[in-house]
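Peer 1: As they're listed, the protein sequences go chains B and G. The first sequence: position 18 = 25 (our numbering), numbered continuously. The second sequence: position 19 = 32 (our numbering), numbered continuously.
FYI, nobody ran anything at the bench for these hints, they're computed from the structure. For every residue, glycine included, the Cβ atom is placed at its ideal position computed from N, Cα and C. Please note that the accuracy of each hint is not assured.
30 Å max Cα-Cα, derived DSBU-like pairs, lysine-lysine [claimed, not checked]: (1) 41/G - 125/B; (2) 41/G - 98/B; (3) 134/B - 99/G; (4) 131/B - 99/G; (5) 103/B - 131/B; (6) 41/G - 134/B.
Covered stretches of chain B (in silico footprint by chain G; criterion: 3 or more residues with CB under 8 Å from a CB of chain G, positions within the stretch not fixed) [said to hold, decoys possible]: (7) 34-44; (8) 50-61; (9) 65-73; (10) 80-92; (11) 104-114; (12) 119-128.
Not the full set, but computed from the structure, chain B residues with beta-carbon under 10 Å of chain G [said to hold, decoys possible]: (13) 10; (14) 22; (15) 24; (16) 25; (17) 26; (18) 27; (19) 28; (20) 31.
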Amino acid sequence: MREIIIMILATIGVMFIFSTSLAMLRKPDVYLRISVTSKASTLGVGLILFATAIFFNEYSVTTRAIAVILFVFLTVPIGSHMLARAAYFTKTPIWKGTEIDELQGQYDPETHELYSEKNNTSIKPEKTDKPS
Amino acid sequence: MSLQEYFHFIIIPLLGISVILVFIRFVKGPSLADRVIALDMLILISICIIAVYSITFNQSTFLDIAMLFALIAFLSTTAYAFYLEKRERK
């Protein structure tokens, strides 16, 4: 019974990891890739480590697995957000199918401050239709 | 099929294929942010591989390395993002 639960958890986690890596290859844009990685891979890693915790069934292993899960859940969104922000400042091109870009012209190019009212600064990445 | 066989013949090959797919993006990536996010993804997949190996070989000591890898992934991503933004500023 416990083996079946471990198999199911690991299989779901591996499917999430596999779909994430497939999306890394297929998505047309940096921002979409960052979005996919920060969501799906977190769930995949969490499920596989949870399967490890169930398999060993000891206090020490469970504590380690929960520590890794908590750390990944806390840090992966922070890292992805910082990376997406840096990519926006370096004017990485946006996919042409993007409908709304509300950050367009809202960042100060000198101080990197975000304005809340409507502005027209120089930080606006152009759209490309070139598949990468 | 026992648990060890299932992990060895189905889970590990799927993880290996994902490593290859992410590595293609790492080599191809048009911008620097692409390469950094591919590197982050590679480290996350290696955490999964370590967890699966600790199940197949019944050795719980490998999980310490997984914790270390999570720390390194966060530090490298944050440092790359920081310096990418800093390089643009001047």
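Peer 1: Hints numbered earlier in the text: which of these fail when held up against the supplied structure?
Peer 2: Structure breaks hints 1, 11 and 12.
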